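Take the sequence shown: its position 66, counting from 1, is numbered 66 in the UniProt record's numbering, and each next residue is one higher.
Where hints are given, some of them may not hold.
To be verified - Okay, the calculated beta carbon distance ranges per label pair:
no. : residue 1 : residue 2 : range
1   : Asn-147   : Thr-45    : 21 to 29 Å
2   : Met-64    : Gln-92    : 36 to 44 Å
3   : Pro-72    : Leu-48    : 38 to 46 Å
4   : Lys-55    : Phe-30    : 38 to 46 Å
As the list claims (entries may be wrong) - Here are the simulated DSS-like cross-link-like pairs (lysine-lysine), alpha carbons at most 27 Å apart as the crow flies:
no. : residue 1 : residue 2
5   : Lys-128   : Lys-39
6   : Lys-128   : Lys-33
7   : Lys-104   : Lys-128
8   : Lys-137   : Lys-39
9   : Lys-137   : Lys-33
10  : Lys-137   : Lys-104
It is worth saying that the hints were derived from the structure and are not from the lab.
Keep in mind that this is a model prediction, so the values were computed, not measured.
Using N, Cα and C, we set each Cβ at its ideal position, and we do this for glycine too.
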Amino acid sequence: MCSRPRRPSGQSRRGVDGLIVTIHGEFDEFDQKTNSTGKRSFSRTFILGAGVPGKNPIRVVSDMLSLRAYSPLPNIFAPAQSATPAAPNAEQQQQAAMIAELCKQTGMTPQYAELCLSDASVAWNFDKALIVFNERKANLPPDAFANPGI
Numbered sequence: 001m002c003s004r005p006r007r008p009s010g011q012s013r014r015g016v017d018g019l020i021v022t023i024h025g026e027f028d029e030f031d032q033k034t035n036s037t038g039k040r041s042f043s044r045t046f047i048l049g050a051g052v053p054g055k056n057p058i059r060v061v062s063d064m065l066s067l068r069a070y071s072p073l074p075n076i077f078a079p080a081q082s083a084t085p086a087a088p089n090a091e092q093q094q095q096a097a098m099i100a101e102l103c104k105q106t107g108m109t110p111q112y113a114e115l116c117l118s119d120a121s122v123a124w125n126f127d128k129a130l131i132v133f134n135e136r137k138a139n140l141p142p143d144a145f146a147n148p149g150i
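Full structure from sequences and hints, please.
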């Protein structure tokens, strides 16, 4: 006769199996090479199960950590935006012009040009952005460029 392995808590199959806990957040990451700080996003998921009676009340069945480029979560408590967007202010217009010019001079996509310009070490200084681009262009992925084959 074959017996099934018992769960550490001895609970029946119809009882509590465990708990899934997911945490999302952000942190600042320091790059020693460039002496700059940038944001990263993360998600961490734990699956907790019943532990051995008389010892640990719970056990970690699974622990998964995902790191990714910073992506702020939308503010669900902010009031709804109006249907007609507000006209860009002078600073936004200047930043859009800088993004377009950096794309033109480097071949980067607008998304990567904006990331370069908004980097903490650059702070929307166009000349610094060109220097940082030239220092890091070898490490950029192909999708950072509008025409990756060029």
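Inset, instruction - State the violated hints by number, sorted upward, taking the hints as numbered earlier in the document. - result: The structure conflicts with hints 1 and 3, although it agrees with all the remaining ones.
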